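*Asks:* When you get a sec, could you build the whole thing from the sequences and use the hints?
Residue 204 in the working numbering sits at position 118 of the sequence shown, with consecutive numbering throughout.
Simulated from the structure, these hints should not be mistaken for lab results. Quantities reported herein were computed from a predicted structural model and do not represent experimental measurements.
List time: in silico DSS-like cross-link candidates among lysine-lysine, alpha-carbon distance up to 25 Å:
| hint | residue 1 | residue 2 |
| --- | --- | --- |
| 1 | LYS361 | LYS396 |
| 2 | LYS227 | LYS146 |
| 3 | LYS310 | LYS262 |
| 4 | LYS150 | LYS200 |
| 5 | LYS200 | LYS227 |
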Amino acid sequence: MATFRKRGKKWEYRIRYVDKTTGKKREISKGGFDSKKEATFHANERERQLFHGLDTDSKKVLLKEYLTEWLETYKKGKVSQNTYKLHKNSVNNHIIPYFQNIKLADINKIDYQKFINSLIDKGFSKRTVEIVHSTMSNSIKRAIDLDMIYKDFTNRILIAADRFKQYSKVENYLTKEQTTQMLNAAHKDKIIYYMFFYTLIETGMRKGEALALEWDENIDFDNKVIHVNRTINYNAYTPIGQKNSKKLIGSTKTYDSVRSIAIPDRLIHALRDFKKYQNECKLKLGAKYDKTFDFVFTTTGKPLTKSTLKNALDRILKRAELHDVSIHGLRHSHAVLLLEAGVEMKYIQERLGHKSIEITADIYSHVTPKIIENEQSKYDAYVGQEFNLEKSGAKAGQR
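*Replies:* Pasting the structure below:
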């Protein structure tokens, strides 16, 4: 049990406990907190750490032991299912296999930089490396809060863009012309896939956000808006009649992902027509139609699966004779189209549901030939008349 006392203007906590390894009584303390509330928070964190068997002597704690506990205590049930899966994948498939039985306190910046470099050298995408780095950085900051280590070895690590060049593939987006090709090919496929991919192109929604849409809850035909406020939890779905303790519908990726997206008349008309088609499917299936949710993108009542959607997009792209693009790439395609249309970055950030404009600017920092052409045209129109030397008489050779 922790005790607290005020020393000057600062608070400190003291914890007496029995070391589970040696059986000896031990005592730890830490001060410098601005309030008793802050000291209590950190004391509770430390006691939780002790309860779960993580030795307060960080020199004895293996990185894999700490990360396993970090996932269970600070991420499971505290973040969305999809975010938790990303963290878990980073830990189990990348971080632990590399560091194996290395102790947390023995890792330094050079070790960690070598780890990041190894991911790049194995051919992982920049996005994958950034996700793994984000997981590690998040966990290490928590370890510092727990006084297990004192320096953040993940800080200011270099993820050099030029190292990815040798592994670069075709950009994960479609141009305006390619998007038209893709949609024409999709129109010849099942209507459910055409509507799903078309909606992603027109809105830039994440896959899970679109799959979680319900007609009355999220589609506002009158105001021409789609309200995004949740996402699909793929791990939660079970067939009709089976009990499930998990929730199929989860919260969005971040608070900023909750948003309202304005949509054009052409999408409004397409959604209205699809709703009529869906009602026909309900009548045809009768009791077999799952009415648990009123999902937009379904013809059976059940949510579309990731593998089904991936296979459908791959099939459509092949039919259109286009390069491979992921479903998330359709979100990128929407953003690129907005940029090419000259839309402000702040609007794009809010439309995509990014936490900050810096995230949006970083992801879409590349420019397409169309953007270059548009921007050059703006520049020419602005200074062209002033810099027309021949018109002003300032010809070459004149002094």
